[in-house]
Every structure is written in C-alpha cells, then in structure tokens.
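There are 2 protein chains.
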Amino acid sequence: MKKIAIDAMGGDYAPQEIVIGALAAVKQWQIPIVLVGDEEQIRPLVQAEGMADHPLVEIRHSTEVIGMDEHPGMAFRKKKDASVSVCARLVKHGECGAMVAPGSTGAAVTAGLLGIGRIKGIERPAIATTIPNATGGSVILLDTGAGTDPNEKNMMQNALLGYYYAKEVAGIENPKLGLLNIGTEELKGKPLITKVYSLMKEQEIYPFIGNVEGRDIPTTSADVVVCDGFTGNALLKFGEGLAGMFFTLLKDAIGSGGWRAKLGAWLLYPALSKMKKSVDYAEYGGAPLLGIKGGLIICHGASKRKAICNATRLASKLAESDMAALVERAVAGEAERNGETRE
Amino acid sequence: MKKIAIDAMGGDYAPQEIVIGALAAVKQWQIPIVLVGDEEQIRPLVQAEGMADHPLVEIRHSTEVIGMDEHPGMAFRKKKDASVSVCARLVKHGECGAMVAPGSTGAAVTAGLLGIGRIKGIERPAIATTIPNATGGSVILLDTGAGTDPNEKNMMQNALLGYYYAKEVAGIENPKLGLLNIGTEELKGKPLITKVYSLMKEQEIYPFIGNVEGRDIPTTSADVVVCDGFTGNALLKFGEGLAGMFFTLLKDAIGSGGWRAKLGAWLLYPALSKMKKSVDYAEYGGAPLLGIKGGLIICHGASKRKAICNATRLASKLAESDMAALVERAVAGEAERNGETRE
Chain Y
265 MKKIAIDAMG GDYAPQEIVI GALAAVKQWQ IPIVLVGDEE QIRPLVQAEG MADHPLVEIR
325 HSTEVIGMDE HPGMAFRKKK DASVSVCARL VKHGECGAMV APGSTGAAVT AGLLGIGRIK
385 GIERPAIATT IPNATGGSVI LLDTGAGTDP NEKNMMQNAL LGYYYAKEVA GIENPKLGLL
445 NIGTEELKGK PLITKVYSLM KEQEIYPFIG NVEGRDIPTT SADVVVCDGF TGNALLKFGE
505 GLAGMFFTLL KDAIGSGGWR AKLGAWLLYP ALSKMKKSVD YAEYGGAPLL GIKGGLIICH
565 GASKRKAICN ATRLASKLAE SDMAALVERA VAGEAERNGE TRE
Chain R
265 MKKIAIDAMG GDYAPQEIVI GALAAVKQWQ IPIVLVGDEE QIRPLVQAEG MADHPLVEIR
325 HSTEVIGMDE HPGMAFRKKK DASVSVCARL VKHGECGAMV APGSTGAAVT AGLLGIGRIK
385 GIERPAIATT IPNATGGSVI LLDTGAGTDP NEKNMMQNAL LGYYYAKEVA GIENPKLGLL
445 NIGTEELKGK PLITKVYSLM KEQEIYPFIG NVEGRDIPTT SADVVVCDGF TGNALLKFGE
505 GLAGMFFTLL KDAIGSGGWR AKLGAWLLYP ALSKMKKSVD YAEYGGAPLL GIKGGLIICH
565 GASKRKAICN ATRLASKLAE SDMAALVERA VAGEAERNGE TRE
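Heads up: the sequence lines are chains Y and R, in that order.
Heads up, our numbering is the position in the first sequence plus 264, with the first residue counted as 1.
Heads up, our numbering is the position in the second sequence plus 264, with the first residue counted as 1.
Think of the hints as simulated: they come from the structure by calculation, not from any bench.
Just so we're clear, the structure is a prediction, and the values are computed from it rather than from any experiment.
Check each hint, because a few of them may be wrong.
One copy or two, it doesn't matter: identical chains are merged, so the pair holds either way.
[As the list claims (entries may be wrong)] Below, a list of computed lysine-lysine pairs in the DSS-like style, where the Cα atoms sit at most 30 angstroms apart:
#1 K417 - K344
#2 K342 - K454
#3 K459 - K356
#4 K526 - K459
#5 K581 - K538
#6 K526 - K342
#7 K452 - K356
#8 K356 - K526
#9 K465 - K538
#10 K459 - K417
#11 K526 - K538
#12 K557 - K515
#13 K384 - K344
#14 K526 - K557
#15 K454 - K557
#16 K570 - K356
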C-alpha cells in the first residue's frame, strides 16, 4: 500500500487528535503513514499509543505551520518547510500516494495546486463533498469551493472528476450524474447552467439524470450532483448551519418543555444520537480535492480523531485507485471530441 | 385600507384553501380583498363562510388559469383573462394595492414584471424570503430566484430593496445588511462578490456588517443577507429539503427505536411540534417580489389557508407602506452619486 502523508499540525486539535486519528487508521487498516510536523510534539503522542517502532509509522520533522489567518498562496510560497507544504512534496515526488490536510481549506487547495500539480488537461481542481441523504445513503456534491467562478468547460471537467471519484473511490457501480439547478426543466437557470445541461446531455461517458433542485438533494437518484464552487460552498455551509440550528431549537424546546419533554428527550436520546450520527461529517472524514496528480483529503478544521481516521482511509483508497489516469484519458478524449464537433 | 387582489385559482389547493385563507385575513384584520377566479367555484366557498354580502369581500370572475407546466412568459401574454393576469391589472390600475399569487413562481414574477411593472430605475425585481433563525427571530434573504445571473448593479439594487423592505414592511428599526459569501474576509469569493462588497462598504444608506457564510445565516446579526438569485434559490430549497429529511430521519429513528423511543417521542411531541412551527414557512405566508410598483406576494404552491391568510396580511402591509416611493428615491440618488463618482 502507498504511504499517506498526514499534516499533523493542521486544524484546531493538532497535533494530538490528528496523530491519534491517523494511528487508528494504521491499526484498523494497516495503512502506512508519514506524520509531518514538529517531531518534539508528535513523537510523545506516537509513543503514548505504543507505536513508536511501528513499521508503518514514520515521522517527518518540519518547522513551520500555515495559520488559518494567513493568505494561502503567499504563505505556501514563503513557508517551504510548512507541514502542509512538506506533505505536498512527499506526494509530488511519489514518496506518498496521498495526503490528509486538516485546517485551512485555502492552504490545502494551494498545496494541491502548486505543491502537487494538476492532472494533465484539467484546468481547475474541484472539492467533492459527500453528504448524507434521507435514505441512509449519500450523494457527492462538487464543486464545493475550489473554483468559485467556473465556465462550462470547468464544470464539465468537474462532472468527469465526480464520475470517476464515485466509480473508482466511492465504489458506486454505475454512477448517475445530476446538475444543480433552480428548476427541473431543461431551459431553467442561468446561461452557464443551460449550456452545461446540453453538454452533459450530449456526452456519452456517464448517465445524466438532468437537473436537481436544492430541495431534492437529500432524495435525488443521482450519485453525483454538479454545481459551481460558490453555490456548492454556500449550500454546504448553510446545511451545516441548519443542522446546528435544528439541534439548538430541539434543546430549547426540551428545555422549555418541562418534565414531560425532559423525560421524553431522555427516552428518545438513543434514537436521536443515532440520527445525529447519520448526519455527522466525521463519518466521511473529509472531502477530496480532485483534479490533482495525487490524492489530497481536506478535513474540517474542527476534525477530531474519528474524522482524521476516516480521512486517512479515504486518502488511501484514493491513492490506490486509478482515478488520475482514467481522468487524464477521459479529459483528452473529451478535448478531442469537442475539437472534432467544433469543425 | 387598500384592497388586496387574491389569485384564488393558484396553487395546489385552489380555490378552497386560498379563499378560506383570504377570508380569514378579512375577519382577523379587516383587510378588503378581491377574490379573482371562477365565480362559480368561489361564490359557494364564500357563502359557506357566511361572508357572501361582506362589505370587504369582492369576487372578480376570470375564465383562465396559468398552469405550473406552462411557460410563464408565453402563457401570461396569451391568457389575458388568467386569474393571475387579472390580479396584476387590478394592481397596475390602482384598484388594488397588492396581490397574493400562490402557485407558479414563474407566472407570479412575470405578472409582476409585465403586468404591474418595475419601479423607475430598478432593472430587475428580487424575491425576498424570510427564514427563521436559531434565536426564534428571522433573517431576510434576497434574491431567492428572480434574477439568476445579476451584475453588481442589480445586487446593489437588491440590497436597497431588502433594506427598505426590512425597515418599512418587516418593521425592523435600523436593518443591518450582510453579503452572502464563501468566507468572512473582504477579498473572498468571486469577482462579482468582491465588487459588491466594496460597493456595499462605500454606500451610506444602511449599515453593512460584511460577509456572511452560509453556515452563519441562522445566527447572523444581519437582518438582510444579499445574494444572487441562483445561489439564494438553491440554498433555500436545500434548506427545505434538509428540514424534510431531518423529520424523516427522526421518524425512522423513533420507528426503529422500540417502545422506549416511541414513548419518548409521545412525551416530546408538544416540544417537537412547537419546534416544527418555528421553521414552518406558512408562518410567513409568502415571499414578496420587490422592485415592482405594487405589492406582490409569491406563495408556495402547497400553501394552505394559514399561509394564504398570513400572505394576505403581508400583502396589505406592503400595500400600506411607502416602500416603492422610498426605493425610487434611493435608486435615483444612488445613480446620481455613481454618476458623480465616476467622473
């Protein structure tokens, strides 16, 4: 198995939760890892887990860290020894197959773009976020924030990235794609979206089910829903905010509901926590940055061990897949096809 | 008080729920109404409510209806006697101060644009949707679907529309505005949004609190959040979908949770329904189409009597407000100011 580089200094709970989470992935799935960051902080944590001499665990010392408040591009260029930059180099030079990057999304995207590099033919990478649906399954939404102002070509490439990710990494047999729009009819939405609609309808690589309204995301039959990175990011974060709000309202309702509500809540607790689990992003670990040569998993800044453990596994799946090669071939094919049809 | 035109034939539950809801508004707030649609269907419903000779209730017969499946623009031009078209004419000619339009949003927007007409200086109308927040209050999001591809001028006009709506109709003392973006920093997001940010920062009409992330909408201190109609619509519908999904998951969790969960749910029921009420769109009735000369409230196609009753009240508030005049003055002022600053 290919090694996975872990930015042990990224996120709100670094390094402890990051290291413990990554080590859990080593124990559970025998994934070889390279913990990148301040060795003085990392080694004791590895020792505490009794894995100091574990053959699958390496530590790579680095002296710098890119903070949430720094400008990603500038910080990345300046801090050559930042843990996230070192991780990107390990992937670029083939020492690792993928990396796990908690913390600043901007820094992670920059590391992917400048540190690892794009797949030949791909103009922009895209972030693919898996969100739970109402049937206990999930749907992949992309782009959720890498390209905020895409053109139709970018969006068509995102569709390809989403398709091969669903097929090769998420393990969906024959992934169906949908297009996020504000109506279900073909001519709905803004010019960019109607253009993308007709292009998705024309292509012959994946089945296209048509427009998907925001309302239908939790119940859509599509495995992948394509959108621009601005809308996708706003949508995703709104969902986060709503989930939080829902549990707040529930708590308030219980708080003001007297003994009856309190007893009810106590009795209902197991069911509620089961439900909360089903919408817990930590179950998915993180969101891959697709379109770059190696795997990169962006983790929520508030990620704890469980999220990092699952993110490490996702990074490994990505590293072991043929996704990049398949995408490169498909993009080349598309370009050719479009070249012909334009004549 | 100005009369309110009610499209009694619009929406999934027309005419019964529409008529009963509008009549409830007459009873509660003495709002004069004109019920527009098939008199043969409407009159018996009014009689059943014992309001056949009520001085505040009129019926205006119309023979046509615009269906959800029809192309709004074409249908509106073709069907001069459609109930929604007749309502628009009643407002345009000053017989009514505002209209309530359940059913097809497209038909309602077309009726507002072509039937009633824009406020002088406003390029595009905007739909303003009030969404409940985590503190039991609410926030006004606009545009949620009228202009899917706005430029910075359109978005600045939407900000003005949102400000005066919050101040003059929603009754918020000194409304604060925010801009929907994918980060809180000034330079985040796509070019259009950074441009709008700097323009909102410059203007001196309303207080601007800066960027608001999707995640923060339920907790933002902004009274009005400005966004493009594509993102706003996708966001809103995703929220609808999530709320539905949450209650589905809750039901499933209870269903599979055995007697303990069922008893808990029964005990918690009053608290849960109180909570559900706080996120019920029917409480708000509908969303106004802002930027047109008269008031127009767009109602959800599934609106029942409660939503229509509240929508009729909102339409009356809009009709009694000076909003259109204030907006026209503000837009003229802005245009002048920009003319100067450009030199």
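(request) Could you tell me which of the hints above the structure violates, numbers in ascending order? (result) 1, 3, 4, 6, 8, 9, 12 and 14
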